[in-house]
Every structure is written in C-alpha cells, then in structure tokens.
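**Q** Two chains, two separate frames, one set of hints: put the complex together.
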Amino acid sequence: MTPRPVGGSHGVFLVGWLVGSLLIGFILAPLIGLAATQSPGVLLAVAAMPDVREAIGVSLLAALLAAALASAAGVPLAYVLARGGFRGQSALAALIDLPLAVPHTVAGIALLLVFGRHGMLGGPAEQLFGLRFWGSFAGIVVGMLFVSAPYTVNAARLGFEAVDPRLEQVARTLGVGPWRALATVTLPLAWRSVMIGVTLTFARAISEFAAVAILAYYPMSAPVKIYELFLQQGLGQSAAAALLLLVVSLALFLLFRLVAQGRVATGIGR
Amino acid sequence: MTAPVLEMERVGVSLGAFALRDISLALAPAEILVLMGANGAGKSVLLETIAGFHAAAVGRISIAGRDATRLPPEQRRVGLMVQNYGLFPHLSVAGNVGFAIRARGGAQDVDIGKLLERFGVAPLANRLPHDLSPGEKQRVALARALASRPNLFLFDEPFAALDTRTRETLRDDLRRFLREAKLAAIVVSHDQSDVHVLADRVAVLHDGALQQIGSVDEVFSRPANRYVADSTGVENILSGAAAHRLLPGMPNATLCLRAEDVGVLAAEARPESADSAIWLEAVVQDVVRLGPITRVTLDCGFPLVAALPRPEALGLAVRTLTTVRIPRASLHVLSGAGAPHG
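Going down the list, the sequences are from chains A and B. This note's numbering puts the first residue of the first sequence at 1, with every later residue one more than the last. This note's numbering puts the first residue of the second sequence at 271, with every later residue one more than the last.
Next comes chain B alone, as it looks inside the complex (with noise of 0.2 Å):
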C-alpha cells in the first residue's frame, strides 16, 4: 500500500471556547477529500492545523512520511487555497508567482515563464490580480501553490461566492488540475455538487470532531449520525410513528431516507408484492420545480420529501391522491447523535 501523504493520529487542538477533538484522517497520494460541515464545525481550523497555524494539543501529524507536528507553516509545504484564491493584491501575476519560488530560495528548475504558460496565465504576467477574471485568478493562485513545490493542497471553499457557471467551470478546471498533476488535496466545501465532482472520499466534521470519513456513496447513503445526515442534505430524518410504520420492528429508531429514493406513482398503481419496497397511500402537499429536478412534498400520514427527475407524466397536483414507493434497501437507521464512524 501506498504510504499516505497526510496523517493524522488523534490530533486534538484547542483554541478557546472551541476544540478540534481526536482527528485521524489519512491522505493516500493523489486522493481528493471533500470536507463538509456546518458553519462553526471547524473545518477551516481543521485545514490550518494541517497548515501549521494552530498547534497540536496532542496528536501527530505526518505530511509526506515526515512528522510535522511542531513544523512551522513554512516547512510543512502544504498548498493553501483561500477563498477569492489569496492572491497578494499588490503584485503582478508574474510577481505573485515568482514569490513562491523566491520563499524557497529561488528554485533554479522553476521557469516562471513555463509555469505561467503551463496554466495559461503568461499573457497576463504583468496584471495585477483585481484586473482578474475568477478563472484566471484560480489559474494564478495554482502556478503560485504549484512553484512552492507542495504535498498537498488545502482548499478552504474555493468556490464560495461564485455564480453557478462559473463555479462549475472553475471546479472542473481543478478537478483536472488535481488529476493530472497526481496531488493530494482536502477541498472545503458546502456544496453537495462539489462532493459528486471532486470527492474520491469525503468527511464530515461536526462540533470539532470528524463524524464520518468514507467513499461519497457511502457517506451519502448511509450517514452515520443526524448530524452527516443534515450535512449530506438527506430530506427526510424520520423518528417516532413514522419511523415506526416504515420499520416495525425497530421501535425508537431513527431512519434517513434520501428524497431522490422515494417513488411516486398514479394513485391507481397497485403494488406487485411488499417484499422489497413500502407502498403508501399519500395526499400532495406542494410541488417545486428546481431545474431538472422536481421536489414534491407529500402527506403519507407524516410528511416524506421526494425528488422526481420527470413528473409530469403523474400529473401531480396539490392535493391529489398518489402511491408513494419505498425501497427497503434505501432505508438506513442512524446511530445515536455525534457518535464517530468510519
């Protein structure tokens, strides 16, 4: 197995009223880890931790084999992206790019020429970073990370602030970037979208403490606790009677139910046998076209959210009857509240 270029082992910070608690996450070379949470979850502490800017209480942090636990920041080279890129406003593009090969004591194998050329910035050398498109600035601030020779890249939410083109069109910019350059990188982000694009894994963080680390599917399908559930945007976190008529036979348990997995049919559908799916009957509550998608809102006795790629064939319409299909398979019981996983 491939030595990992990020490890943490019980890394635990503390900074005031907040706490980074027992973090231990791996990074394999190459990997792209989204990190989601809650605002105040602690992810940008996290990735500033990793930078050097917040010392381990305990723990150990190696980056490329090396124990950087007490590395400054300078040491570490680690790749921080902040939002709007961080260019330094008071220089050029060429000159933004040339101090990271000058804090390194000036490279002789760097050519800023080629470097710029290579992110197809050297027409824009001698701009300054507010003449800028978005583009171009992601562009720069990756020649800039790149001549100071990184492990791994930090993103904290690259993307934030962007219209949606563009945030698309930057985020599949880095997503090449990433796979072609062969680079580790742990991307900030509260994006779900941003998970299906970038992720090859992803983590949770919730209060300080990582709740869930896993593949994007199983993340997404199968959260560990309420709080993955809330982060990873699942519709329906249902409890009590509800949870109850779905699952009998767990009382007090807790189930998610992504609204993409619920069926709806006419209300004439009869069901073909209860062995794999739940048959409801169900009143239409409200209907919300958002692009593509279609989020219906239903009343099955207790309100479930469905998400129908094309429902105008059911003639759906508040207040008419439908059938309501369940996969049992899309069911997943959530284990009590802030319990790690993964």
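Next up, chain A with everything else stripped away, as it sits in the complex (with noise of 0.2 Å):
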C-alpha cells in the first residue's frame, strides 16, 4: 500500500505532484503528437515499405544482442563491483559510466578509429576472422553496447549490494559451492534489478542513433532509416515510420518491465 504523507506535508507532495506533472507532461507531448498526427494510410504505406521494415528488424536484433552481450559481460562485472572490495574499484566504476557522459558523436568517432577497418580491434578482426564491424550488423550492435552497457552493469551492481552476502555465506555452509550459491541464492535475489538494467540497455540501444550512424550507416537501423526518410521524404513519412519504432519497442519494453518486475513467469526469481 502506498503510504500516504502524515505530519502537514501534504503541501509538499502536492507542490511535487503539479511541478512533476510538468515532465510528465514535457515526456507525454511528444510522444501523443507523434501518435495523433499519423494518418492511417501513411503509417500502413510506411509499414509496408520493405526498407523501414528491415530498419527495424535491423535494431530490434542489434538491441537484443547489444543487450545480451551486456548482461553476459556485465553481469558478472556488476557481481565483482558489488562484492570486490578491491583497490580502484570507485575508478573502475567511473569508467564504466564514462559512456553515459560522452556524446554520441564522440563515442562514434571513438568506435571507429578502433572498430574501424584500419583500428586497432577492426583491422585484425577482419584480417584474422573475417569480422568487419565498419558498415556492417556487427558494427551497429558495438555501437548500441557500448552506450548502453552501463544501465546493465550500474542495475546489476544495485541488485547484487543489495543482497546480504552473509546470505550467500550461509548457503555455503549448508552445502553449495560458490558457483551454486550465487545461482541459487544471489542471482534469485538480484533478478529484478538485472532485468531492469538489461530492459535500459535494449532501450537505450534500439533508440542509438550518433554513435551507430558514424560505425555503421549501413544495413540502416531505424534510427538511420528515420533520419533518411527525415532528410528526402520530409516529416510524413519519417514520423510514420518512427511511430512504428515507437511502438514495437514499447511493447518490447513493457515485455521486459513485466519480466523484471515478476508478472511474467521466468522460473527465476520465484
């Protein structure tokens, strides 16, 4: 039950709900404009161009992988921030959210010159397994993981110091090694705050478009396609195409917000 304010500070929360219902409102303006102003025979026309389509099949994989390669890495990463206790480990956790504070177009130019075909990881990735991540699916999903990896890690890194290590200390000596008790007891109880990293890395990474358009502008992401469209057919039928974005990845989110919040049945967590 959501507590109600006590103790006269009714105002408070009532100066706090009119001054949040402004961001609300500046977050949901945008977002119903887009909606309201699509008309049926354009949002199905854009729908069906095959190029928009594959746009967006392009980004929701990408996303997928971006966030997949995120929770395989970060994960574990986020395991050792929470329970490391080690020399640097405030440093190590600037760094990992040093991506939040570039700019993309920085990040991008970054990513190229050593993703790119003659960087430092691109050049023998591409020599030694025939790998290129300039212009190509590969390079799209670098770009979306390396901004948003660190929704994953800093969520992950919560969930777990939240979990009392004794805990884990406990199922040691009842029986279960370390890999088994971090399975069975630390990842349970870390679970929601996983899938609500993993659910801001897919979403900051379906929404990439700089650091992307620098690596990879080709197969074209939604973004990239948007910002075409955008740039030779007008508005029309780039906010079409948008909205379709829009709603396949709300619905994608949402799915991931269920899943995180326990509403969707994962056999974890339970």
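Hints were generated in silico from the structure; no laboratory data involved. Among these hints, one or two may not hold up.
[As the list claims (entries may be wrong)] A partial selection of chain B residues facing chain A, derived with a Cβ cut-off under 10 Å:
| no. | residue |
| --- | --- |
| 1 | GLU318 |
| 2 | PHE323 |
| 3 | ARG419 |
| 4 | ARG471 |
[What the hints assert, rightly or not] Computed footprint of chain A on chain B; a stretch qualifies when at least three of its residues, placed anywhere within it, have a C-beta under 8 Å from a C-beta of chain A:
| no. | stretch |
| --- | --- |
| 5 | 357–364 |
| 6 | 367–373 |
| 7 | 483–491 |
[As the list claims (entries may be wrong)] To list a few chain B residues with every Cβ distance to chain A over 10 Å, as calculated:
| no. | residue |
| --- | --- |
| 8 | SER284 |
| 9 | ALA327 |
| 10 | ALA334 |
| 11 | ALA415 |
| 12 | SER418 |
| 13 | SER509 |
| 14 | HIS514 |
| 15 | ALA536 |
| 16 | LEU560 |
| 17 | GLY561 |
| 18 | THR564 |
| 19 | PHE572 |
| 20 | HIS602 |
| 21 | VAL603 |
The C-beta atom is built at its ideal place from N, Cα and C for all residues, glycine as well.
**A** What follows is the structure in structure tokens.
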C-alpha cells in the first residue's frame, strides 16, 4: 500500500505532483503528438515498405544482441564491483559510467578509430576472423553496446549490493559451492535489478543514432532510416516510421519490465 | 575423554590491517561456548574462519576429528546462523529447508515434512520468511541447519535487534534445542544474560586474540585482564590510591570488584570482624533503579558501584552516609592488560 503523506506534508506532496506533472507532460506530449498526427494511410504505406521493416528488424535484433552481450559481460562485472572491495574499485565504477557522459558523436568516432577498417581491433578482426565492424551489423551492435552497457552494470551492481553477502555464506555452510550459491541465492535475489538493467540497456540501444551512424551507417538501423526518410521524404514518412519503431520498442520494453517485476513467469526469482 | 568436535591450534588469520592471532580452543561435543568481545574484536571473523571463509595463514583447525584447515565451507559441516537467521527471502519455509537437503545431495533419510513438524513449522511450509515471526524464523533456520547434518553450530549474535521478551523466549528455545540435539555451538553475544543462560564456557576476544577462556564463574569472577573485566561487565576496576587502600600489600595492583559483591549497610552498622571483609564509610552519590536491581554509586574516597537487590530497607538517599562491606575474597587482582590466560 502506498504510504500517505502525514504530519502536514500534504503541501510538499502537492507541489511535488504539480511540478512533476510538468515533466510528465513534457515527456508525453511529443509521443502523443507523434501518434495523433499520423494518418492511417501513410502509416500502413510506411509499414509496408521493405526497407523500413528491415531497418526496424535490424534495430530490434542488434539491440537484443547488445543487451545480451551487456548482461553476459556486465552482470559478472557488476558482481565483482558489488562484492569486490578492491583497490581502484571506484575508478572502475566511474569508467563504466563514462559512455553516459561522452557525446555519442564522440563515442562513434572513438569506436570508428578502434573498430574501423584500420582500427586496432577492427583491422585484425577482419584479417583474422573476417569479422568487419565498419558498415556492418556487428558495428551496429558495437555502437549500441558501448552507449548502453553501463545501464546493465549499474543496475545489476545495485541489485547485488542489496543482497546480504551473509546469505551466500549461509548457503555455503549448508553444502553448496560458490557457483551454486551465486546461482541459487544471490542471482535470484538480484534478478529484478538485473532485468531492469537489461531493459534499460535494450531501450537505450534501440534508440542509439549517432554512434551507430558513424560506425555503421549501413545496414540501416531504424533511427538511421528515420533520419534518412526525414532528409529525403520530409516529416510525413519519417514520423510514420518513427511511430512504428516506437510501438515495437515500447512493446518489448514493457515485456521486459513485466519480466523484471516478476509478472511474467521466468522460473528465476521465484 | 571424548574427542573435541572442534579444535583450533594456534590459528592465525591475516585480513589486511586486522589479524586473528594465535587462537587455540577446543569444543567438546554438546558444549556451548559463548564468545564475547567489543565491536571489532574479531568475533565474526573467528566464526567465519571456523566456517571456512578465511584461510588460516598458520595453525590447524580440525572439525569432528578431521583436518579442516584447507576445506572449503561446504565440506566443513558447520551450521552458521547469522543475525536475523539468514533465511533465503525468495524461498518458502519448505524451500529453505529443502535447500539444505538438496545441497547435501538430497539425503534419502531426511524427511522434510517430519523435520518441519519437529520444529513446529509444518503449517508454515508455504510461507515466505518475511511473513514469519522472529521465533518462527529461528525454528526454520534451525531446521534448515539441522537438515545439513552439521557437526557444530555457529551463532553470530542471533538475538541482536530483538526486544527483551522475544530475546528471552528465543534464547530459551535455542538452549532447549541445543541440549536436546546434543550439538556443540559457539554463540557470539554482547549480552551477559546470554552467557548465564546458554554457556558451559565463555571466551573473551580482544583485538584478534583470545584473552581468556574458561567456565562462566571463572571468567566473570576472576577476569584475566582489563579487557575481560570490561567485556564481562565488571563495574569497579580500581588502581592507584583506591587499590592501595583495599590491598595495601600490593603496590601498583589493578583490582576488579563486581558490583553485586559490594555490600551496603546502614550508616550505624559496625564491622564484626575485619578479617574476611573490608569495611568503609561512604557517601551515597546516586541511586538508580534498574528493574529488580538498584545501582548505587558511592564515594568511599574513590568511586564505587554497588548492585543491590532490595535497598529500600536501608533508606538510601543521595548524600547520606552509609557503610560499605567488601568481602576480601571478591577482590581480584588483574594481570597485565592483554595477557592471554586460561
């Protein structure tokens, strides 16, 4: 049950709601505007365009992959940061946050220098494994991963920090090894935070434009396609494509949130 | 003599700036040892070392006759009970107990239903820990620990943060359980009443070193040094002129005297004999009623505290004159601070 304000703090809550409503309106207005101004005809026509559908598919798949990679590497890192107590821990935490502070055009150029054709990783990866990042699907994933991974690490770290480490100790004394204690006690208890982090990572990844456009303009991801439609066809088609992307990504975002809140059965965190 | 269930021989553990030093102790089967010490003394580190979470840099730990010095926690068979009992909040009561059974490979001879019944928590099998009272949590945690077939129990301040009545009830339950199950345990506690209710022996730790280990009477009446005297709640620690006045034959001695050993009589009372007791005139400084005991602060030329069960008959009031009786046998000379003993 939501606690009600007591002790004469109603005024504070009222002002909070009033001021907060401005922000809520500020967030909702463009989204409502986008939805309200679309004619069904244009929307259906744009939805039928193969390159728009392909771009949305690329974005969805790349964002899912970025979220999967962020959780595969970020969740263990989050556990180390939460439990570590090692020298340089706060410097490492600050480094994780760096992509949030860097302008994404800067991130794109930096990624291009490393993962581009002659980059220190991009060159050898193409020569040795035939894996090209510049102008490729892999490049889109790399761009998305760079800007969105901190959300998974930070949320998972907070989740792990909230789990009493003595529960793991108790589990060990009951007879399970460290990995099983992690899998059966700590991870289920931190599961919601991890899922919130993955959700935010997915949301941030699918919305990334600048870093992706610089490193991998082609194949076109949805934000790049919307930008191109805006430049070539004007507001009508680009707004319709934007609404389509919004609906698809919001649906997935909500699904992730429901999983994180435990309203969709996963077998974890039960 | 029965082989000890736990034996530590000169164990040393280094954890950055803190270290456990030269810990030697043995725990007999079914023996309850209460471990006392100030915050930061290393009590939890000692329990965690026994449980296997800190590697002993030197020394040897054996559990149930087996060298456990290098064994990981899951192989030591030690039941660790932390504050609030450490029930897994995402698992039901049955899930918590089942966890321990599965962890030991699903022992066929452990019936989860019977175990829950034995601890009176069978009707709560599907409840989550946050729905349980402290007493129910303790019973579930004991059932869970017992399901893992421990050789001994370690309790890290199990009654901290509980109200007095709940604390007393749970402590009695725990004592009954440990006596019936005939299991050895080490209980970390700050509370002297835990010692009197639970302990067969008591140990005092200070700055990573055991200061004294012995029977409750021995440690409380004859503390090895000032740390032990402080930890066991000795109210009167006297040195200098005060000590010289009570024991003129021992210059530079530091004495300790428990408040309950100080007798207070009406001002006109006269000593029958000075052989077995020291008689002093004193002025009452303060009288504070603490439940069944009244704490009287006296000025005998040096401050002295007495704990009296029924002081009303004496008509004690602040600034009145009274007579103090100190049995010579209750005076204990402390050895140098920090010197291990026992």
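**Q** Hints first: check each against the structure and report whether it holds.
**A** Hints versus structure:
Hint status for GLU318(B): holds, given a least beta-carbon distance of 7 Å to chain A, under 10 Å. Interface restraint check: PHE323(B) against chain A, minimum CB-CB distance 6 Å, threshold 10 Å, status holds. For ARG419(B), the shortest C-beta to C-beta distance to chain A is roughly 9 Å, which falls under 10 Å, so the interface hint holds. A distance limit of 10 Å between C-beta atoms decides the matter here; for ARG471(B) the minimum to chain A is near 23 Å, and the interface restraint is violated.
For the stretch 357–364 of chain B, the stated coverage by chain A holds: 3 residues have a C-beta nearer than 8 Å to a C-beta of that chain, and at least 3 were required. Only when three residues or more bring their CB closer than 8 Å to a CB of chain A does the claim for the stretch 367–373 of chain B stand; here the count is 3, and the claim holds. Counting residues of the stretch 483–491 of chain B whose C-beta sits closer than 8 Å to any C-beta of chain A gives 0, which falls short of three, so the coverage hint is violated. The claim that SER284(B) is not at the interface with chain A holds, since no C-beta of that chain comes within 10 Å of its own (minimum 15 Å).
With 10 Å as the threshold on Cβ separation, the claim that ALA327(B) sits away from chain A holds: the shortest Cβ distance comes to roughly 19 Å. Remark: the non-interface label on ALA334(B) is consistent with the geometry, its nearest Cβ contact in chain A lying 14 Å away (cut-off 10 Å). For ALA415(B), the non-interface assignment is contradicted: its Cβ lies about 7 Å from the closest Cβ of chain A, within the 10 Å cut-off. With a minimum CB-CB distance of about 5 Å to chain A, SER418(B) fails to clear the 10 Å threshold, and the non-interface call is violated.
At roughly 41 Å from the closest C-beta of chain A, the C-beta of SER509(B) stays outside 10 Å, upholding its exclusion from the interface. At roughly 49 Å from the closest C-beta of chain A, the C-beta of HIS514(B) stays outside 10 Å, upholding its exclusion from the interface. The non-interface label for ALA536(B) is consistent with chain A: the shortest C-beta to C-beta separation is roughly 54 Å, beyond 10 Å. No Cβ of chain A comes within 10 Å of the Cβ of LEU560(B); the nearest lies about 34 Å off, and the non-interface call holds.
A cut-off of 10 Å between C-beta atoms confirms that GLY561(B) is not in contact with chain A; the least separation is 33 Å. Residue-level check passed: THR564(B) sits 40 Å from the nearest beta carbon of chain A, beyond 10 Å. Here PHE572(B) stays apart from chain A, with its beta-carbon at least about 45 Å from theirs, past the 10 Å limit. Even its closest Cβ contact with chain A, about 38 Å, leaves HIS602(B) beyond 10 Å, as expected for a residue assigned away from the interface.
No beta-carbon of chain A comes within 10 Å of the beta-carbon of VAL603(B); the shortest separation is about 41 Å.
Hints 4, 7, 11, 12 from the earlier list are contradicted by this structure; the remaining hints agree with it.
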